[in-house]
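If you're matching them up, the sequences are chains A and B in order.
Note that the first sequence covers residues 4 to 419 in the working numbering.
Note that the second sequence covers residues 4 to 419 in the working numbering.
To be clear, the hints were calculated from the coordinates, so they are not data collected in a lab.
Some clues are possibly wrong.
One-sided and incomplete, this derived list gives chain B residues near chain A with beta-carbon spacing under 10 Å [as the list claims (entries may be wrong)]: (1) A149; (2) L412; (3) G414.
Far from chain B by the CB rule (all over 10 Å, computed), these chain A residues [unchecked claim]: (4) R5; (5) P9; (6) M51; (7) I54; (8) V64; (9) G127; (10) L150; (11) T176; (12) D188; (13) A270; (14) S316; (15) G339; (16) A383.
For each residue, glycine too, the CB sits at the ideal point set by N, CA and C.
Number of protein chains: 2
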Amino acid sequence: MRWVLPEDRIPTAWFNVTPHLPAPLQPPLHPVTREPIGPDDLAPLFPMALIGQEVTTDPWVDIPGEVLDVLRSWRPTPLVRAERLERALGTPARIYYKDESVSPAGSHKPNTAVPQAFYNRGEGTARLATETGAGQWGSALAYSCALFGLECKVYMVRASFEQKPYRRVMIETWGASVEPSPVDDPASPGSLGAAISDAVRDVVTHERSHYALGSVLNHVLLHQTVIGLEAKEQLQLAGERLPDIIIGCCGGGSNLGGISLPFVPDAGVELLAVEPTACPTLTKAPFDYDFGDTAGLTPLLAMYTLGHDFMPSSIHAGGLRYHGAAPIISNLVQHGRMRAVAYPQLKVFDAAVQFARTQGTIPAPETAHAIRAVIDEALAAKESGEEKVILFSYSGHGLLDLGAYDDYLHGRMTDA
Amino acid sequence: MRWVLPEDRIPTAWFNVTPHLPAPLQPPLHPVTREPIGPDDLAPLFPMALIGQEVTTDPWVDIPGEVLDVLRSWRPTPLVRAERLERALGTPARIYYKDESVSPAGSHKPNTAVPQAFYNRGEGTARLATETGAGQWGSALAYSCALFGLECKVYMVRASFEQKPYRRVMIETWGASVEPSPVDDPASPGSLGAAISDAVRDVVTHERSHYALGSVLNHVLLHQTVIGLEAKEQLQLAGERLPDIIIGCCGGGSNLGGISLPFVPDAGVELLAVEPTACPTLTKAPFDYDFGDTAGLTPLLAMYTLGHDFMPSSIHAGGLRYHGAAPIISNLVQHGRMRAVAYPQLKVFDAAVQFARTQGTIPAPETAHAIRAVIDEALAAKESGEEKVILFSYSGHGLLDLGAYDDYLHGRMTDA
Chain A
4 MRWVLPEDRI PTAWFNVTPH LPAPLQPPLH PVTREPIGPD DLAPLFPMAL IGQEVTTDPW
64 VDIPGEVLDV LRSWRPTPLV RAERLERALG TPARIYYKDE SVSPAGSHKP NTAVPQAFYN
124 RGEGTARLAT ETGAGQWGSA LAYSCALFGL ECKVYMVRAS FEQKPYRRVM IETWGASVEP
184 SPVDDPASPG SLGAAISDAV RDVVTHERSH YALGSVLNHV LLHQTVIGLE AKEQLQLAGE
244 RLPDIIIGCC GGGSNLGGIS LPFVPDAGVE LLAVEPTACP TLTKAPFDYD FGDTAGLTPL
304 LAMYTLGHDF MPSSIHAGGL RYHGAAPIIS NLVQHGRMRA VAYPQLKVFD AAVQFARTQG
364 TIPAPETAHA IRAVIDEALA AKESGEEKVI LFSYSGHGLL DLGAYDDYLH GRMTDA
Chain B
4 MRWVLPEDRI PTAWFNVTPH LPAPLQPPLH PVTREPIGPD DLAPLFPMAL IGQEVTTDPW
64 VDIPGEVLDV LRSWRPTPLV RAERLERALG TPARIYYKDE SVSPAGSHKP NTAVPQAFYN
124 RGEGTARLAT ETGAGQWGSA LAYSCALFGL ECKVYMVRAS FEQKPYRRVM IETWGASVEP
184 SPVDDPASPG SLGAAISDAV RDVVTHERSH YALGSVLNHV LLHQTVIGLE AKEQLQLAGE
244 RLPDIIIGCC GGGSNLGGIS LPFVPDAGVE LLAVEPTACP TLTKAPFDYD FGDTAGLTPL
304 LAMYTLGHDF MPSSIHAGGL RYHGAAPIIS NLVQHGRMRA VAYPQLKVFD AAVQFARTQG
364 TIPAPETAHA IRAVIDEALA AKESGEEKVI LFSYSGHGLL DLGAYDDYLH GRMTDA
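Turn these sequences into a full structure, and let the hints guide you.
Right, here's the structure in full:
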C-alpha cells in the first residue's frame, strides 16, 4: 500500500527542532580565535537568509513559494507499507517507509539543495561550490543550480569518483563540473572532510561564489523536515497514531534529521541512527568541538567526531563516510533522546538484496544501513510478538551504485 | 504541475484496440507451413491465458486482482505538465507527459512483465526466458519473476551488455541470470531478433519453461494500455478535453501502443511514432510477413519490417534496435491512422540534455526520441501560434544509460 498526499498538502513551513531539544545547542566557534562566531564570520560562505535559519529559534520557518513550486515536481513523496518484506520476515511489525528516492536526483538531498540555490540566487550569488561523497549531494546541487541558473562546481571524494562514474556523468548532464578530491593528492581515496576543504578553498578564491553544504548544519536539517512532516500526516491516513520507532541512516545526519526531528516532541517515539562500523561516529567517537573539514578551515562544531583527519575505508556507502555528525543529531544522542547502532558492510548488503527481492526496489548503500536495522527490529518484534510500528527513511535509490551490488553478488565485497 | 490519481483509480480492465482498428489484423502464419497458426502452435512458448488475450476481440479484458496489487506499487503514474520546457521553448503548446519511469525497473515494461509472470505461474511455469535490448525489458521481467517466485534467464543483446553493465547487475540483483547474445557469435554486437532466437531455443530445451516477449505482440500492447487509460482521466483533471497529438518512441511498439491505443477511437487525435534513423522500420521498410527473430523460429507476423536478418548499428537506444514493428502499430500506420518520423542520434541527445536541464529528469535514450519530436512539434506550434496540446510517453529514465550521456557530453558520440 502507498499513501500519496495531493500536491496541495505539501508542508508550507519547515519545522525547527531547536526549541524542543533536550539541552541548548552549543555555539559554533571561530576556527582561529575559538570564540563564538557571528553572522559576519559566515557571510563569505553562505547567504544571509541561510545564516539566519542556522540560528533561528522560531518554531516554524515559511517555505518560499518559488521553492515549493520546485519541490512539487516530486513532493509530497509516497509513504509505503513494506508488506512483502513483512510477509517474508513473518513479523507482526508494520513497516512503513518514506520514499525519498523519487526526486530527480534520486535521494532526499534536493529538499535542501533547492532552497539553498534559491536563497543564493536571491542574494546575487552566481556560482556554488560543494563537496560530495557518493554523489547524491553533488547531483542534487547540480540539478538545483540548473533550475536557478547558477554555475556549479563539485569536488567529489576520489573513492566515489572512481567507484561511481555515472554520478559524475549525472552531475555533468545538469551542466555542473566535477573534480576528484583531494585535488592535491591523487593517491588519496579522499573523504568528505577533505572535499569540504577543497570546496571552501574554492569559494574564497572565486568572485560571487558561495559554498553549499549537504548535511550537518542546522539549516540543512531544517529543510529536510518536510520528510517527517509529510510522514506524520500520511501515517494518520494509514490509520496509525505514531510510530514506535523511527530509523534512518546517519552520515552527516540530514535524512535522519529530516524524518525524525518532527517527532522529537512526541514522547514514546524511539529514534534510531544507523551508521557503518567503518565510520562509527555516534557509536564510538567522543563528543567534542571539532572542525567540519580536514584542513581546519570551517568553524568548530560541538558534535560526536572521530577527528577531522579521520580517513574511513572505501566502503560503498560514500555518503556515510563523515568524521562528525550534525550538532542537532549529536545533541539528541548525547542526551539520550536518540540511540545509535553500527553495521558492517556485508550485513548491510544482505539486507539490501532481501529488500530488492521482496519490495522490488534497489536501495542506495546508505539507505541499506537503515534497512538492516529495520529488518533486525522486525525480527525482534517477531521474537517478542510485538505489533511494533516501524517508520524509516528510504533516503535514496541504488541505481547509480550497482557496481557495489555487482561486487556483493559476485563475492568481491569485504567488510573493510 | 503533476496530476496523481489515487490508488483506487487504477484501471481495472485493459483496453483492446482490435475492434477499433481501421482494418482487421492479418493472422500470424506458421514458420514452416505458412498457414495461419492456432493456440496449440503457441502453447510451447506461452500460457493459454496470454494466447487467449493475443486473439481476443472483447473490447475490455479484466486485470486480475493479484496483478493490480503489484501494479499499485507504482501506479497510477503521474501525468506531468512540462512547464519549464514550455517556457524554455517559448511555445504556446501545452506539453504533458505520462511518467512511466517511476516503476521499480524504471520504465513502462513492468506493466506487461507483471501479468506475464502472473499468468505463467498460474499455469505451472517454473522458469521464464527472454531477450532484452537495452535491458529495460530484462530487468522488468527479472523484477516480476522475483515477486512471483519464478526462475528467470535473460539473453541480452551484446552491444547493450557491454555498454550498460549496470542493467546486467540490476537483473542479477533481482535474482535472474544474464547471458550476452548471440550466444554462438561473441564477435557480433547482436540484435533483438538474434536474442529472441536464443531465448526461444532455450525454452524448447528446458522443462516447465516458457518464453516472454516484451513488445510486438497484441497481448503485450494490451497490457500497456493502462498508460493511455490513466492519461485520459488525468488530462480531464488538468482541464484538457483531448490531446491534439500523442507522441511515443517506437521499437517494437509497446510504450507507443500503451499511450496511444485508448485514443484510436477519438477522431482528431493525431498519433506519432518516433524511431531512430539507424533502424527506420516504419519510415523506410516495406509491409510484409516476416519472422520476429533472426533464426526464423517464430511465427510470421504481418508488419513493417527491415528483414529479420537486419543488423542495426550500435546506437545507445538499444530498445529501438528491432527490425519489425508490432502488427497493431503497423496496421495503424499502413491505414493512415498513425504517422512516423525518424531522427539521428545526436539530435536526440540534444533534446535529452535540454529536457534534463529544464525539467530536471534524465530520460532514457529511447524516450529521448519522443522528446526530440515533442520539441519539434512545440517549436512548430510557436511558429504557427497554435495552442496545441501535446501528450507524450516518458517511457523510462536514463540513469542506467549515463554512459551514453558521457559520450555525448564529451564529443564521443556519432550519428551512426
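Results for each hint:
The restraint placing A149(B) at the interface with chain A holds, with a minimum CB-CB distance near 5 Å, inside the 10 Å limit. At its closest, the beta carbon of L412(B) sits 5 Å from a beta carbon of chain A; the interface hint therefore holds under the 10 Å criterion. Here the hint on G414(B) is broken, as its CB sits about 13 Å from the closest CB of chain A, past 10 Å. Separation of R5(A) from chain B is inadequate, the least Cβ-Cβ distance of about 6 Å not exceeding the 10 Å criterion.
At roughly 7 Å from the closest C-beta of chain B, the C-beta of P9(A) falls inside 10 Å, breaking its exclusion from the interface. The claim that M51(A) is not at the interface with chain B holds, since no C-beta of that chain comes within 10 Å of its own (minimum 27 Å). For I54(A), the shortest C-beta to C-beta distance to chain B comes to about 27 Å, beyond the 10 Å cut-off, and the non-interface label holds. With a least CB separation of 24 Å from chain B, V64(A) remains clear of the 10 Å interface cut-off, as annotated.
Separation of G127(A) from chain B is adequate, the least Cβ-Cβ distance of about 22 Å exceeding the 10 Å criterion. Look at L150(A): its CB is around 6 Å from the nearest CB on chain B, not clear of 10 Å, so calling it non-interface is violated. The non-interface label for T176(A) is inconsistent with chain B: the shortest C-beta to C-beta separation is roughly 5 Å, within 10 Å. Non-interface call for D188(A) relative to chain B: holds, since the shortest CB-CB distance, roughly 25 Å, exceeds 10 Å.
At roughly 33 Å, the least C-beta separation between A270(A) and chain B is larger than 10 Å, which holds for a residue marked as non-interface. Taking the minimum C-beta to C-beta distance to chain B, about 22 Å, the non-interface status of S316(A) holds against the 10 Å cut. The Cβ of G339(A) sits about 38 Å from the closest Cβ of chain B, beyond the 10 Å cut-off, so the non-interface label holds. Look at A383(A): its CB is around 26 Å from the nearest CB on chain B, clear of 10 Å, so calling it non-interface holds up.
Hint compliance for this structure: hints 3, 4, 5, 10, 11 are not met, and every other hint is.
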